[in-house]
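Let the sequences and hints guide you as you build the complete structure.
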Amino acid sequence: MSTLVLEIGCEELPASACWEAEAQLPLLCRRHLGVEPAELYIGPRRLALLVRDLPDRSGDEDRRGPPERIAFDEQGKPTNAAEGFARGLGLGVEQLERRDGYVWARVEGQPLTASLPDRFGEIVHGLVFSKSMRWDESGLRFARPIRWLCVKVDDRTVETTVGRLESGGFSYGHRFTNGVVAIPEAEAYAAVLRDAGVEPEAPERRRAIVEALDRLGEWRDPQRVLDEVVHMVEQPLVLEGSYHDRFLELPLEVVETVMQSHQRYFPLGPGRFAFVANGGEPEVVVSGNEAVLEGRLEDAAFSYGRDVEIGIEAMASRLPEITFHARAGSLADKAARLAELCRLLGGGEATVEAARLAKADQTSTMVHEFPELEGLMGGVYARLAGSPEAVAAAIAEHYRPDAAGGPLPETAGGRVLAAADKLDNLTVAFALDERPTGSRDPFGLRRAAIGLCRLADEGGLAVDVRSLVERDRGLLVEQGADVTSDPSDVEDFVLERLEGLLDVPVEVVRAARAGEVSDLGAIARLARALAAALASDAFEHAYVAHDRAGRLAGRSEEAAASFDPRLAVEPAELALVEALTAVAPRIGAAVEAGAYEEALEAAAELGPPVDRFFDEVLVMAEDSAVRANRLRLLLDVRDAAGQLGDLSQIPR
Amino acid sequence: MSTARRTAPTYQEMLATLAGYWADYGCVIMQPHHTEVGAGTFNPATFLRCLGPEPWKAAYVEPSIRPSDGRYGENPYRFQKFWQYQVVLKPPPDDVLDVYFDSLRALGIDPLEHDVRLVEDDWEGPTLGAWGLGWEVWIDGMEVTQFTYFQQLGGLELDLVTAEITYGLERLAMYLQGRRSAFDLVWGPGVTWGEIFREAERQWSIYNFDEADVDLLTRHFEDHERECRRLLERGLPLPAYDQVLKCSHAFNVLDARGAISVTERAAYIARVRALARRVALAHVERESSAVEPEGAE
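These protein sequences, in sequence, are chains A and B. Numbered according to the numbering used here, the first sequence spans residues 1 to 652. Numbered according to the numbering used here, the second sequence spans residues 1 to 297.
Honestly, the hints are just simulated from the structure, not real lab data. There's no promise every hint is true.
Here are the simulated lysine to any residue pairs, SDA-like style, with alpha carbons at most 25 Å apart [as the list claims (entries may be wrong)]:
id: 1; chain 1: A; residue 1: Lys-131; chain 2: B; residue 2: Trp-131
id: 2; chain 1: A; residue 1: Lys-131; chain 2: B; residue 2: Lys-81
id: 3; chain 1: B; residue 1: Lys-57; chain 2: A; residue 2: Gly-163
id: 4; chain 1: A; residue 1: Lys-131; chain 2: B; residue 2: Pro-91
id: 5; chain 1: B; residue 1: Lys-81; chain 2: A; residue 2: His-368
Since the structure is predicted, the reported quantities are computational estimates derived from the model, not experimental observations.
Okay, here's the thing in structure tokens:
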């Protein structure tokens, strides 16, 4: 047993490449060395793994050869195929075994040192990055150029070649404070690097950064840059800087975005920020970073000042010039559709006004420079122009939720406008036949659909997707958009997202979708109510009523157009009619009111009469009129329970 | 901090230092191209020379003309004309980063004193059909250089990768001289950047944003596009390439002038890219036939 360290020394890797390598290295280690790595060292200039208890030999392996009937002729003599197979593995044909209709060869494990060079090459070549490059004539691809390779097994250096590079027994320390360092033995790898100004373990760098930030006080990371920062330094040096008071007049979000989006600084409190350096003299480094931040804030203040001077009304007046989609008109057209959708979604005057101004900030300098501030800037500019707070807030919040678990708009108007915006994005894409396919979703429509579901479900907004999409399509046509496809499948697209979103079996959501309920949030609540009741007697009864009635009558084409009470004579039949007459309107009213448990209780009352009916009444009566009438009765029972959804979709 | 910059170089000394450093390294010292370009990459010493299999090392200063970046001389960080120092190394040596860091030392920036970092930045030049991976180089948080390993130019996969090093001279000078405004930079003895260029910034911003003749420029774009095609048909990729640059500049002014809608914008860029691609192909073909060994027939 020995200890192995493999290090791929690189020019500065992007954080995303570090994450990809971190995920792949354990798999590659297992595949090519047959063991788990004991340690992973991931950072901007090195990807390394350490294996303890590396076996001295690789395990014996059974290789499958040609089928027996091809490997041996009718006399049982080995054919060319068998001899070729054995020869290829350096064996004699007499060493082959016959098993399960095939011939097999046992290949002895190799001393690992002999195959390590190849195996290491496989690991390096096996790393796949979403963006990779070439840098020399070897044509090797990697996230950034590889500049050295270090392979040690205990105190022995393993020689191997990858691309133009030959491995050695040395590594490099911190880029500026340290140079080349010898790795005397595999186990010493991390300690040698720590002595050379590098913390090779990413979790350790993160811990050091967080601890130092905590010491500085209340730090914030709204754009979540910490994960990236961990892979931007090899020796984190957390420093604090300050900026001039005059920038406190800028909206806080602007200041924080300037700090985070490009510089990856952490806001500390008014006038203070923290950042993570990789070295240098603290005084010099702080002063330089302060100058950079003030420069960027100055630039933002300049853009902001220009925007404020122009004002949101003038920005809105430019919307007709800005294309929303080449085949679906301008942002002014979009604003008009949003206003109408907001009305249909129950938005008031303020929300409709917010719709008119929602896209105005797309013409602002600030959004041009900081796209992540869209919406928010519109809200700021609306407020400065004297718009009521409800209008400004709705504009500011209308891109929410912008991430899987992101917050919903806090105001009612914000929720309405957010839903309208998402619905319109979906309708436009579907109407222009630009539906997302596979992993291609350039307009973020899956996110939009999930956002819409959450606005309806968690936000309590009534959203009748079908009718809203239909109206939106009409508006697009009126505006002269190049509608080439029927967008009514937006509803299915949205409801499919709902299936994934709710913590409820998929079949239950499908059952709920098939009922009388068309409002998105109501479907979610119905699905939850059904899921919660799955084990109850009420559900069992309702299910039986729906299922038994539907199973027999649903297949028949003989059912009468309407039920004729005069043809009902049997006591069990009359009892069912009586139950149905009493219960059906109660189910309907309860569903209408969103009281799904009550509706389920009511539907459950149909269970016993349905059972009795099947026990005592012959549905397929000889008299065709009676038969048709009984089938109709069963269909009516099914439809009454079916107001709760297509319960038959739920497996029992 | 000011003590660290006792001997801060003037702008012109900086240019001379970089030229001297890269000349000593073995680069051909070129001069700016004679037509407006948005970046040193457009200079044929980069775009055309970095195609094909021939090694090439060059360094030169290039004025960047970016009409929409003008701010009437009112913003100390944004200009419609500024300077880049451009270095191309084809193929890059294995120690290319160390060679670059030494150039910073030559300018008086000691990486032990400062926080010098390479921050991921993937570069794409849509009008040139070009892309590469690399970094922006930060000194104490300030971006002073763009470092790119070209992977594609003119839509062609490159046989030999080039490392392109583009120094942002204003940023570097502001850093070295400890100024918060480019207008206060000392260009040469007793003369500031602002004294020489501020009025030009004002006038050119007025031209780019308010005065440029849209019809004339639209016509120019089309004329140069046609001329480019014609020259390509005559087997003259070098003059044809200048027509690409003139198209690109006309587009940039039209864009600053607000005369191009979002949709038209993509179409204009695609037209310039198509020309750049044809020129690149024609140039590579010509060069490969020119270097064929004698008697190859």
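For this session: Tell me, in ascending order, the numbers of any earlier hints that this structure violates.
Result: 2
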